[in-house]
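Below, each chain spelled out in residue letters.
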Amino acid sequence: MELALAPETLARWQFGITTVYHFLFVPLTISLAALTAGLQTAWVRSEKEVYLRATKFWGKLFLINIAMGVVTGIVQEFQFGMNWSEYSRFVGDIFGAPLAFEALIAFFFESTFIGLWIFGWDKLPKKIHLACIWMVSIGTILSAYFILAANSWMQHPVGFRINKERGRAELTDFWAVLTQNTALAQAFHTLSAAFLTGGAFMVGLAAYHLARRRHIKVMRTSLRLGLVTVVIAGLLTAISGDTLGKVMFKQQPMKMAAAEALWDGQKPAPFSVFAYGDVDKGHNTVAVEVPGLLSFLANDDFTSYVPGINDVNKAEQQKFGPGDYRPNIPAAYWGFRWMIGFGMASFTLGALGLWLTRKKFLLPGHLRTGDDEVPHLVLFGGRALGPKLTHCFWRVATWTMAFPLIANSWGWIFTEMGRQPWVVYGLFQTRQAVSPGVSQTEVAISMAVFTALYAILAVIEVRLLVKYAKAGPPELTEADLNPPTKIGGDHQDADRPMAFSY
Amino acid sequence: MELHDIWFVLIAVLWTGYFFLEGFDFGVGVLTRLLARNRPERRVLINTIGPVWDGNEVWLLSAGGATFAAFPEWYATLFSGFYLPLLLILVCLIVRGVGFEYRAKRPEEKWQRNWEWAIFWSSLIPAFLWGVAFGNIVRGVQIDQHFEYVGGLADLFNPYALLGGAVTLTLFTFHGTVFTALKTVGDIRTRARTLALRLGPVTVVLALGFLVWTQLHSGDGASLVALVVAAVALVGALGAIWRVREGWAFALSGVTIAAAVAMLFLSLFPNVMPSTLDADWSLTVTNASSSPYTLKIMTWCAVIAAPLVMLYQAWTYWVFRKRIGTQHIAEAAH
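Heads up: the protein sequence lines correspond to chains A and B, in order.
Heads up: the first sequence is residues 1 to 502, going by my numbering.
Heads up: the second sequence is residues 503 to 836, going by my numbering.
Rather than coming from a laboratory, the hints here were simulated on the basis of the structure.
For glycine and all other residues, C-beta sits at the position ideal for the given N, C-alpha and C.
Certain hints may be false.
[Said to hold, decoys possible] To list a few chain A residues with every Cβ distance to chain B over 10 Å, as calculated:
hint	residue
1	Y208
2	T369
3	F393
4	I445
[As the list claims (entries may be wrong)] No more than 20 Å apart at the CA atoms, straight line, and that leaves these computed lysine to aspartate or glutamate pairs for EDC-like:
hint	chain 1	residue 1	chain 2	residue 2
5	A	K281	A	D264
6	B	K798	A	E475
7	A	K467	B	E611
8	A	K246	A	D301
9	A	K470	B	E610
10	B	K798	A	D173
11	A	K48	A	D371
12	A	K359	A	D371
13	B	K798	B	E610
14	B	K612	A	E461
15	B	K824	A	D173
16	A	K281	A	E316
17	B	K824	A	D301
18	B	K607	A	E461
19	A	K467	B	E504
20	A	K217	A	D372
21	A	K217	A	E49
22	B	K824	A	D490
23	A	K250	A	D264
24	A	K56	A	D480
25	A	K388	A	D371
26	B	K607	A	E475
27	A	K250	A	D311
My request is simple: use the sequences and hints to build the entire structure.
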């Protein structure tokens, strides 16, 4: 089979490009919404100005980011019908419902309350305005859950029957689709990774400013919030990743065998650290392994049996008929490793940073710093790191910002490519799913258009982010400190300019 | 009335919500060139829809998602069939959304001017293309026995559909002009009213032409009623704006849009996408719909969520009820 000529190839590339791109913005949106809401809550409760300045700063970056997330999300919603009409016909009865729920419940929440939040600074009393950003945050999380439940159904279809007469899958148990363990584990994993992403973003920008001794008060607060987020979310990402992995070993043994380049089943099975192999012959030529670890990851037991690629392929041939049921092994293997590697690296940096900048009571008196000083970085005992190492740490912390984004992208590439040749595992293959009426030319046009448009927008977006990130938190105005007491704004001055305008 | 009939109505409601709401913000986008004379006025226009355009657009996502869930075959045929026009609409919606958010984020003259042009075109093009799309849905397109669209791109741009496009473009622009008269203060408000009075008659002629054509092509008694309501409301809106009753004018141009959508759906029923090749190959509410179980769950979701959405979106409009003028826009854009 020559995959490059297959009718679904271009459509797959388009889906991959638009989805990975969309998902650069999604995790930042989810986490920055909640973190901004947290900072604003701190402002409303404590009335400390540093929290309001932090809210405004991170809120602005959040808005630049969510704009891209929203508009690229529109493409996702219609792409199924455009490029994957056979898929839509076959699964629409099931797959459409969570999408519709997402729009009717989550998108309306997000988009309506974001408008209220952006323009509401001088129109809403403090607490109602705060409630708006929390509504946005709830909207982003609900949205993630619905779409992940839909995706989980593609990974592990449940709660359905096949209607032979209509030639499609039909829903029999919506609750099962929403609450199956795949959906729970995947939502847990994706959401914690989202917070890891937002935490690392905060740490990175705070480190950038602290290294230059600018905006110290706000950045100190942000650094701590970011570090704590990275450590907690990083731990949760690892735990949920382990859970999801165990679920996958049961539900999609092929994907996990491919993730490990485990060609033949072994008991006990080793965890592969590095492998280079021959896909056609079905074995590795070079392999560095940790014995027994894979058995433990799969089954909580160091001595258990884990089936290999060749075994699963044979089993699936018996079950589904002749064919090649192996995904792209190098993509799955390396995608899995880049995901874990970059995720772990950002978590490690966060843990190190949290220790280096630890709280006052763990430090000797002369190393303690005030709210308006850059914290000393203290590894052990009574000595701060020298200027060179300090500089080095801030720089590494800044670059770590990109790590979770890379990990997220590879995570999706791994889980989607690892499911191939299936679009719905065990039920419907990707090559059956593509739109028969859409020509290759049309797909090529739309792929070229989206790729070019997304590339241009990426340049514009990143430049704006850099501009506002470098500018630092804004100074507060009289109006900021005196929010209205009435809904719609106080009426003393009808001609006062709006606090925010496009 | 079976569940798939209810869902036919609900899809119509979602499209009505979309065209009613995004209709005026498309219109306002067009007015940034048609009405505004300078940058401060353009900013006034953009800010009348600033807090709400995103929520308005979700009506489209809901219509799309609900069609996917309730009528998967319709969703599949429509979006794979109208591929390139839909691509253009998506590109416009992307550019437009980013334009609103980013335009004021840099002070440079060129940056702002570019985004303003982007907002104008990306409002005008979808306002036109949605009419073309619905014209084709109602008129019927070449659909084969596998429910695949087998016509070409040029077939979509037939006279009836083009007239449909002209109607949505002028009707949305009129709706947006009335909205501007309702939401602004000062000189721009007066000029919005004048423009609405000029635009109104053109809209009436085009809309009547299109709706009567529809009625003759596939109408029945019910669709005739909707046609009359649309026509009366549109003339009423024109009368109200003439008498400077801007609230009434806006309500009536809204009724016009709702009645026009109702008319299109009434003349469509029980088809959802008729085939011009063979009536047996038409997509109908029966052969395009989901299973009763899915429709039941979707109904529960819609019955609970939709009124809530209307409630909190209405509240948003109430929060931002003040008219705005150039004096409300701060000098330094940031």
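Checked hints:
1. Y208: Answer for Y208 (chain A): holds, closest chain B Cβ roughly 20 Å.
2. T369: Check passes; 32 Å lies beyond 10 Å.
3. F393: holds (32 Å)
4. I445: violated (7 Å)
5. A:K281 <-> A:D264: holds (12 Å)
6. B:K798 <-> A:E475: violated (53 Å)
7. A:K467 <-> B:E611: holds (17 Å)
8. A:K246 <-> A:D301: holds (12 Å)
9. A:K470 <-> B:E610: holds (18 Å)
10. B:K798 <-> A:D173: holds (12 Å)
11. A:K48 <-> A:D371: holds (12 Å)
12. A:K359 <-> A:D371: holds (12 Å)
13. B:K798 <-> B:E610: violated (53 Å)
14. B:K612 <-> A:E461: holds (17 Å)
15. B:K824 <-> A:D173: Violated - the C-alpha atoms of D173 (chain A) and K824 (chain B) are around 48 Å apart, more than 20 Å.
16. A:K281 <-> A:E316: holds (18 Å)
17. B:K824 <-> A:D301: Violated: K824 (chain B) and D301 (chain A) sit about 66 Å apart, past 20 Å.
18. B:K607 <-> A:E461: holds (11 Å)
19. A:K467 <-> B:E504: This hinted pair is violated, its Cα atoms lying about 56 Å apart.
20. A:K217 <-> A:D372: This hinted pair holds, its Cα atoms lying about 5 Å apart.
21. A:K217 <-> A:E49: holds (10 Å)
22. B:K824 <-> A:D490: holds (11 Å)
23. A:K250 <-> A:D264: Between K250 (chain A) and D264 (chain A) the Cα gap is close to 17 Å, so the pair holds against 20 Å.
24. A:K56 <-> A:D480: holds (10 Å)
25. A:K388 <-> A:D371: At roughly 23 Å apart (the allowed maximum being 20 Å), D371 (chain A) and K388 (chain A) break the hint.
26. B:K607 <-> A:E475: Judged against 20 Å, a Cα distance of about 17 Å means the pair holds.
27. A:K250 <-> A:D311: holds (14 Å)
Hints 4, 6, 13, 15, 17, 19 and 25 from the earlier list are contradicted by this structure; the remaining hints agree with it.
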